[in-house]
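> Residue numbers (numbering that gives the first Met the number 0), protein chains in the order written: chain A, 0 to 127; chain B, 0 to 358.
One should not assume that every hint holds.
A short list of chain A residues far from chain B (calculated; beta carbon distances all over 12 Å) [what the hints assert, rightly or not]:
1. Val20
2. Ala50
3. Ala63
4. Asn78
5. Ala117
6. Glu120
Covered stretches of chain A (chain B as the covering partner; in silico rule of three or more C-beta atoms under 8 Å from a C-beta of chain B) [said to hold, decoys possible]:
7. 36–44
8. 53–60
Honestly, the hints are just simulated from the structure, not real lab data.
Using N, Cα and C, we set each Cβ at its ideal position, and we do this for glycine too.
Residue strings, one per chain:
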Amino acid sequence: MDPKTLRYTKTHEWVAVDGDVATVGVSRFAADLLNDITFVGLPATGKAVSAGKDCGAIETVKSANDLYSPVDGEISAANHEVATNPGLIQEDPYGQGWLFKVKMSPGASLGHLLDAAAYEEHCANEAH
Amino acid sequence: MALHTPLYDWHVAHKGRMVEFGGWQMPVQYAGIVAEHSAVRSAAGLFDISHMARFSIGGPEALALIDHAWTNDAAGMKDTQVRYGLVGNEQGGIVDDILVYRWSYGWTMVVNASNRKAVWDRLQTYAAGKDVQMQDQTESTGMLAVQGPKAVELLAGLFEADVAGLKYYYATATRCRGNQCVVSRTGYTGEDGFEVMLAADKVVELADEFVRRGAVCCGLGARDTLRLEAGMPLYGHELSMDIDPFQAGLGWAVKPAKGEFVGKEPMLAKKGDAARRKRVGLTLEPGRSAREGCGVVMAGKSVGTVTSGAPSPTLGRPIAMAYVDPAHAEVGTKLEVDIRGTTVPATVVALPFYQRPKK
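My request is simple: use the sequences and hints to build the entire structure.
Below is the structure:
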C-alpha cells in the first residue's frame, strides 16, 4: 500500500477501501511508538463493528492500546500472521502488518477519515 | 515546567524518548524496553536516577531526627551501611519508601522524586528545635545506576576504592578520576549492581565512560519491568498514604522495638487487623496483561485490585502485583483479573517473580 493514497483515523489506523471492503492497519507513526508489541487482539470474523468503537487491542510492554474500527460494517478477515508475529506491524505496517478487513455496511461513511496530508499534520501536532 | 537532570541533553542525543515523571523529564526508553531489560538481566545497563531526591543530614541530633521520621532502625546501622525503610504518616500510611546511608560524619537520604517535597517538609517540621543541618542536594548532584551481572567488571579500576569488595547495601565515599563520589551496592532491578552519586557537572563524563565500557542505556520502562519482576514495590502503585507497611509486605522494615517513630501506633494497630488486603504476585497465561486498576475477581465477586502489571520479558507471560483480600492471598490461589471487561485466569504466586542466579 502507498501511504500517500490511504485514509487515516485520528487514532492512527490506516484504511484502504476497495469496493465495499476496507483493509485496516496502523500507521508508521503509531507503529514506531509501539515498540516491543507483546500481544495483538484482533476482532473475530463476522463481528459487527462501528466507526470509532474499539474492536481489538495492541499491547506493548508499557501499555495497552485499543484498536478502533474506522468504519461501520462486519469483520470479513483478520490477519492472524500478526498475532503470532507482532513484529510485522513495525516491519511493514502498510503491507504484511495489516490487521483486519471490514465489509462495510451499505452507505457506511468515509467522510470522517483524514487524507495523508491531514493525517501528517495531526501527527505533527501530537508529537508537539 | 519539568526539571532536567544533568543528562537531559545526553538522553536526547542518545535518542531517549523523553516523558515527564515525578516532575522531571526522563527517558522512558532508548532502543526498546525488552532489549534494555534483557541487557540488565544478562550483562549491564545504565540508568539515570538523578531524579531521585538526595538529602544530606548532619548535626548532633540527626540520628534522633531520622529515627523519629523513619520506620527502620537508624541507630543500629554501621557507618557506610545503607538501609531501606519507610516514612510514615500519623495514620500509619506510607509517605515514601527511602534509602538511608550512614556516614561517620552524617547521613544521606535517597527519596522518590515525586515525594521530594513531602519528605523534605516533614523532616523540616520534625527538625524544628533540633540541632541538625539539612541540605537538599538533588539538583547540585546527579545519580547513576549500573545494574546487571557484568556491573562489577564494568566498574573495574574506575574508582579509587575497591567497589567490587563492597557488601550488598553498603556504600563508600570515594573518587572517580579525582572527582568525589559515593558508590553503593544497591539497586532496583533484582540484579547485582551499583548506584553512584556525584557532582552534577561530572555526570555526563561518567555516563559516557559507562557506555564506552559497554553499559546499555536503559529508561524508566525497563526500570519498571525489572523492579516488577524483582517484586519491588513502587510508590504511587503498591505504596501510598492508604497502605500500611504490613499489608505491603514490608513489615521487616518496621522496627517497633527501637522506640517511638511517626506512625508507629497506628501501623501496629493495622497489623492486628486481619481483614486488610495484602500485596501479592499474580501470573497470567500468555496474552493480555493485567494493568494498574484492573479488578481481581473470584466467582464473580471483587476481591482485589491490580497495582502494577506488565508482560514479563524474563518469564514470557504477564505478571502483576495486586492487593487482594487475605482469604484469597494464599500462594496457589486461582483468581481472575478483569482486563477491561474480559476476565482471564490468574494465579497467586510468591514474590519475587524473578531471583538472580546465585553465583
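> Any Cβ of chain B at or closer than 12 Å to alanine 50 (chain A), or is the non-interface label fine?
Non-interface label stands for alanine 50 (chain A): nearest chain B Cβ at 20 Å, farther than 12 Å.
> Is it the case that alanine 63 (chain A) keeps its Cβ farther than 12 Å from each residue Cβ in chain B?
Since the minimum Cβ distance to chain B is about 6 Å, alanine 63 (chain A) lies within 12 Å and the statement is violated.
> Against chain B, does asparagine 78 (chain A) hold up as non-interface, every C-beta pair farther apart than 12 Å?
Answer for asparagine 78 (chain A): holds, closest chain B Cβ roughly 18 Å.
> Please verify the coverage claim for the region 53–60 of chain A: does it have three or more residues whose C-beta sits within 8 Å of some C-beta in chain B?
This one holds; 4 residues, not fewer than the three required, reach chain B with a Cβ under 8 Å.
> Using a Cβ cutoff of 8 Å, are there at least 3 residues of the region 36–44 of chain A near chain B, or does the coverage claim fail?
holds (count 3)
> So glutamate 120 (chain A) supposedly isn't at the interface. Is its beta-carbon more than 12 Å from every beta-carbon in chain B?
holds (22 Å)
> Since valine 20 (chain A) was said not to touch the interface, does its Cβ keep a gap of more than 12 Å from each Cβ of chain B?
holds (28 Å)
> Are all C-beta atoms of chain B more than 12 Å from that of alanine 117 (chain A)?
For alanine 117 (chain A), whose nearest Cβ neighbour in chain B is about 25 Å away, the distance exceeds 12 Å, so it holds.
Hint compliance for this structure: hint 3 is the single one not met.
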